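Each chain, letter by letter, is given below.
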Amino acid sequence: MLDTMLSRPQSLFDQLDAMQRLLSRSQGTESAPGAIRSVAYGAFPEINVGRAPGSVEVFAFAPGIDASSLDVTIERNVLKISGNRVSAIPTRDAKVQLYANERSQGRFSRAVTLPDDVDTMKVEAKYRDGILRISIALSAAAQPQRIAVN
Amino acid sequence: MADRKDLTTTKPAESNQRPVSPAVDIFEDAGGITLLADMPGVSKDRLDVKLDGDNLSIEGSVELDLPSEMRALWAEVNVPRFRRTFTLSRELDAGRIEANLKDGVLTLRVPKQSHAQPRRIEVTTG
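As given, the protein sequences belong to chains A and B, one line each in that order.
With numbering that gives the first Met the number 0 applied, the first sequence corresponds to residues 0 to 149, in that order.
With numbering that gives the first Met the number 0 applied, the second sequence corresponds to residues 0 to 125, in that order.
Bear in mind the hints are in silico, worked out from the structure with no lab data behind them.
There is no bait here: all hints are sound.
Straight-line distance between alpha carbons at most 25 Å, and here's what the computed PhoX-like set of lysine-lysine pairs gives: (1) A/79 - A/125; (2) B/49 - B/111; (3) A/79 - A/121; (4) B/49 - B/101; (5) B/43 - B/101; (6) B/101 - A/125; (7) A/125 - B/43; (8) A/94 - B/111; (9) B/101 - B/111.
Keep in mind the model is a prediction, meaning the values are calculated, not measured.
Turn these sequences into a full structure, and let the hints guide you.
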């Protein structure tokens, strides 16, 4: 299950897609496929989106954040996640020698377009082990139904 | 991979994927070196901090509590594993490393040996 969530289906089209991304990156223009709100590789936080039978699940990989600084909003099917990450590196101390500073810090914001068939009134957000998980229920019409046969 | 047995649909090809190198901050003060590593989704029991001689390695696997029959619409994180190795130098006291994991950030504190005091080297002429 984790693998289906964490990797995109390996089809020929995906391989082409990956190749195209690679090409466009080497030419200096990142053109991620599909979504207009997708951003260049390496944005913070990284986001995975999955679809379950009853909900759409959004996972934002945002470690080291005070949950109270996280701001999650949905407006017209666009989910926006923003917050602030405070750096742990002591500043203003001349005796501190910095060797690596790879972790992004400061304010961040990302937006994800949700599918049309979600019920934006039924949303749950949880933050655990550095992952913000947002579950948006599918609208009643989009839920799997059983039709009785007479 | 033995540590992936619990994942239900591990495909052989994917278990060969190289783990992701976590982003780190490393800084040194008078008392020692502090290392912070971003490992979102890694819980304490899936984290492994190992010391082999001078080699310090950190490794962890991502755990997501997923509903059944989930299919991916968009995935930026493709490999559910982190690993990175560092070489420690002699003046560090590897036996007193402290590790703390909170909200997906691993903090390691590597103190200096108590005898590793700053010293001035005399320059002689002639």
